Structures are given as structure tokens and as C-alpha cells.
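With the hints as a guide, dock the two chains, each given alone in a separate frame, to form the complex.
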Amino acid sequence: MKPPTSTQTLRAACLLALAALGMMVWSLFDPRPVPIIAAMSVGQVLGTLSLASFLYLVAANLRARR
Amino acid sequence: MILPSSPFAIVALACAGIAASILLVYLVRQPPLMRATKVWLLLGLGVFPVGTALIGNVEGYQATKKRQFCGSCHVMGLHAADSNDAKSGSLAARHARNASFGEENCYVCHADYGMFGTVATKIGGMRHVWLYYRRYRQIPIDEAKKTIRLRAPYPNDNCIQCHSTKDDLWLKKADHKASLAAVREGHISCASAGCHGLAHPFFGADTP
Numbered sequence: 022m023k024p025p026t027s028t029q030t031l032r033a034a035c036l037l038a039l040a041a042l043g044m045m046v047w048s049l050f051d052p053r054p055v056p057i058i059a060a061m062s063v064g065q066v067l068g069t070l071s072l073a074s075f076l077y078l079v080a081a082n083l084r085a086r087r
Numbered sequence: 592m593i594l595p596s597s598p599f600a601i602v603a604l605a606c607a608g609i610a611a612s613i614l615l616v617y618l619v620r621q622p623p624l625m626r627a628t629k630v631w632l633l634l635g636l637g638v639f640p641v642g643t644a645l646i647g648n649v650e651g652y653q654a655t656k657k658r659q660f661c662g663s664c665h666v667m668g669l670h671a672a673d674s675n676d677a678k679s680g681s682l683a684a685r686h687a688r689n690a691s692f693g694e695e696n697c698y699v700c701h702a703d704y705g706m707f708g709t710v711a712t713k714i715g716g717m718r719h720v721w722l723y724y725r726r727y728r729q730i731p732i733d734e735a736k737k738t739i740r741l742r743a744p745y746p747n748d749n750c751i752q753c754h755s756t757k758d759d760l761w762l763k764k765a766d767h768k769a770s771l772a773a774v775r776e777g778h779i780s781c782a783s784a785g786c787h788g789l790a791h792p793f794f795g796a797d798t799p
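So the sequences go chain by chain: A and B.
Throughout the first sequence, residue numbering follows the working numbering, covering 22 to 87 in sequence.
Throughout the second sequence, residue numbering follows the working numbering, covering 592 to 799 in sequence.
Some hints could be false.
[Claimed, not checked] DMTMM-like cross-link-like pairs, simulated, lysine to aspartate or glutamate; straight-line CA separation at most 25 Å:
hint, chain 1, residue 1, chain 2, residue 2
1, B, Lys768, B, Asp758
2, B, Lys713, B, Glu694
3, B, Lys656, A, Asp51
4, B, Lys757, B, Glu776
5, B, Lys736, B, Glu776
6, B, Lys657, A, Asp51
7, B, Lys713, A, Asp51
8, B, Lys737, B, Asp673
9, B, Lys713, B, Asp758
[Stated by the list, open to error] Sample of chain A residues with no beta-carbon within 12 Å of chain B, all distances over it, derived:
hint, residue
10, Lys23
11, Pro24
12, Arg32
13, Arg53
Treat the hints as calculated values from the structure; they're not laboratory data.
Predicted, not measured: the structure shown is a model, and the values here were computed from it.
Every residue, glycine too, gets a C-beta built ideally from N, C-alpha and C.
This is chain B alone, in the form it adopts within the complex (with noise of 0.2 Å):
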């Protein structure tokens, strides 16, 4: 449980409140529906719940991009503690040290991209709420570690939405020059064991 501290949550709630009391009063006192009423229920029934929901859905959606919402998953909390320690040298935890990844470098480098990349990550994370709830929900975190997996292997591509592989730093790198084309077209993994090591220290490697 926490204090939503940012503007548009205290408007979404501000809404829900004056919403609530307009619709408490017409239950406590039952007026008849006059032009008056009609105006107050209009305003109780749609225009203040219409802008809670829209300002929620912003809210709700920003929050999913947060690792504290990945990490409520039980199963998730180690990913999401190593991140959160400024002493890991992990992947995923530098990448977290990162202003431009931040509190949001699980979506930033596990989401899709593209013309309906927000789209896609989210039907996928509803597959992983799914996943959950009917399978890993109830076991331990020391057996999560041995049997979840990512469903395909990691994208290159999600790295080179910053790493393009065209700066003569990067080329620089005797392997990278050599395997140019492999890590493009996606068949050596930059998260690999033999290249930058697997993203998150506790799972094992990313394919079977």
C-alpha cells in the first residue's frame, strides 16, 4: 500500500471523492429527479467517475512500467532486489543505475517495441498474470529459480534500440566486429554467458 504522490493520482482521487460524496448524498437523502438532481447524478454517475477512470488508466499504466510493480510478484523479488542494489554489477542492475532506464528498466528492456509494442507487452504481461496466479503463485522462490524460463530468447534487438552496433566505440570491440552481422541478425545473444552474462545473476540461461 502506498501514498500516490503524483498530481495526476490526486486529481484521479479528488474526482473519486467528490463522485462518492455527490452519489452518498442522493442515497441518504433521495431526492426526486429533477432538472437539479439530474445535473448532480450527471456529474456523480459520469463526469467525475469518467475522469477518475481516465486519469487511473494513466496512473495504472505508468505504474506497470515501474520494477516495483514487476517485483510484487514473489517470484520476481529477486530480479528486482538485485536491481535495486547499487553494489550489483548485473546487467540488469547496471542498467537500472542508468537515469534513462531507471525505475522502469524491466519494461524498458523487456518490452517490445515497434508500432504496437505497448500493445504486445501488455497482452504479454497479462499472459504472465495468467502464468502466475494459475502455476507459480504458490511455489518457492528456490524452486521458481530452476523451472521459469523466458518464453523466447531475449531479443538483440531490445539492446540495440541503444546499442545501435553502428559507433565506432562499439566496433572498436574486437568481438563485436567479428560477430557484426551474428549479434544483428540475432544469432549470438549480447545476454549470454559468453558475451556481456546473463542479465539477472539467479536464473539460468535464457533458452533451454
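This is chain A alone, in the form it adopts within the complex (with noise of 0.2 Å):
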């Protein structure tokens, strides 16, 4: 199996960060338990992923120029 492309990370983790904000703004707008537990949860957790990957990508760029 390839390894991702770039295009492919950075695609995949603007759609992981399209989730979790998805779910932060479900939480504000339906603050109940489920979609706030979601949010700060799940939620979080596909962000933070979606930075990484991002960072991840950024600093590899960086490492390959040099």
C-alpha cells in the first residue's frame, strides 16, 4: 500500500477538521448531553488529529527542502 500524498493528508484532515467543528457548532446550538459530550470529545479529537496531520505535513515539507 502507498503512503498518503500530501494532497491526500491535507485533504483528509480539512475534512476531519470540517467534522469536529460540525460537532462544536451542533453542541452550541442543541446544548444537551450527547452532542456536548460529542463535541468535547469526538469532536476534539478529530481536530487535534487534523492539526498533527497538518503540522506533521508542514514539518516534513520543511525537513525535505533542506
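Here it is as C-alpha cells:
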């Protein structure tokens, strides 16, 4: 299996971040237990993953340039 | 579904909107990964989502303290309705009419206090959510009335936060004076049928 390209990784990061944002916004409009727990757990994990993959990609990009 | 009106929620929504716009533009246009693209993506994947998460957490935490949140599980509907009822004389409703409790009367009375009180309360709240979705979600309210009980007797310490048991007015009551030590040690419950009555009119005694 080929490793994902940087474009694929970035697209996945964007989609993860959009899903995370969706959960966070849902909890603001519908402040009940499930939306709030989902936003504070799954939403944050997805958001962190998307940011981490972006930062990893930028770091790898900088390393490749050197 | 409610329209968020607090300044925090509006800022969180604005951050989410900006982040989503940046990400959607990236997904549609797919520009090459140049410096400008990286900066935009840092804003769309980092700065604004982190802002949304931080502010959303504060907002979510505040929401969990509201009576509307507690009453959103149907088995708590009667409790919430009683607290909302301006004519109700129950202990819970009278406290809800006090500005110090207000919309947060469930939380103020049921939260543990002390150094780790908030954390302990939230862990206990997760247990409630788990129990609700495992056992109580499907049961009708009439059955819930018979089966739902506090896990442990209601602690007098929660009452004593405000009613210190030390001022003259409180000690003037003969019953208070006679039972002072027992109340402070929790041997007699303030919220028992012989004292101030059960806090909620629909359910049974706190202790089996």
C-alpha cells in the first residue's frame, strides 16, 4: 500500500476538521448531553488529529527542503 | 434546538464559520502547498478551530449547569417543570426562584464542592448519562418515578454551604437547635420528610 500523498493528507485533515467543527457547532445549537459530550470528546480528537497531520506535513516539507 | 445568544457562543460560531470557509475554499480550489497556503491552512486547521474548541468548551460547561440541560432527559422533566413553576412550594422550586440559584438550581444544589468538586460532579454526571442511555431512556416517566433514587443520601453539606447553621436566626428555631450536631454530622437530613420535606414533590425518599 502506498503512503498517502501530501494532497491526500491535507484533504483528509480538512475533512476531519470540518467534522470536528460540525460537532462543536451542533453542541452550541443543541446543548444536550450527547452533543456536548460528542463535541468535547470526538470533536476534539478529530480536530487535534487534523491539526497534527497538518503540522506533520509542514515539518516533513521543511525537512525535505533542507 | 436553540439559537445561541451569549457573546462566547457567537465568537465560537464566528471562528467555526471562518475556519469552515477557509477549509472549503482549500478543498474546492486545491492550491499548491506554498507559504501562503500553509498560513491559510494554519488559520483554518489550527487557530480558528482551536478558538472554537476553547470557547465551545466554556460554553458547553456553562450549558451543563443549566436546568434546561438537566431537564432534557425525559426522566428529569418533572423535576425541571416543578422548578420552573412559579406557584410550586417545593424546596427545589423555592430555590430556583432565588437569584443565587436561578437557572442553575439543579447544579448548585447537587454539585459537590471543595477543591475537586467540579471534577467529581462532572464524573458523576457522566455516570448519569451512561445510566440514562443504558437503563432509563426507554422507560416511561411513571416507572421512572418509582425506580429513580439518589445513589447516596443527599449531603447536608450542600445545604450548609449557604445555610451555615451558625447564625442566630437559624438557631432560633427550636428544632434546629435541638438537632444541631446531628444536622452538621449528616445524621438527620435537611431534605427529609420530618424536616424541610423532599426537594422534589414527585419522587420518593432519597434513601430506600
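_I'd like to know which numbered hints this structure contradicts. Please list them from smallest to largest._
5, 9, 12 and 13
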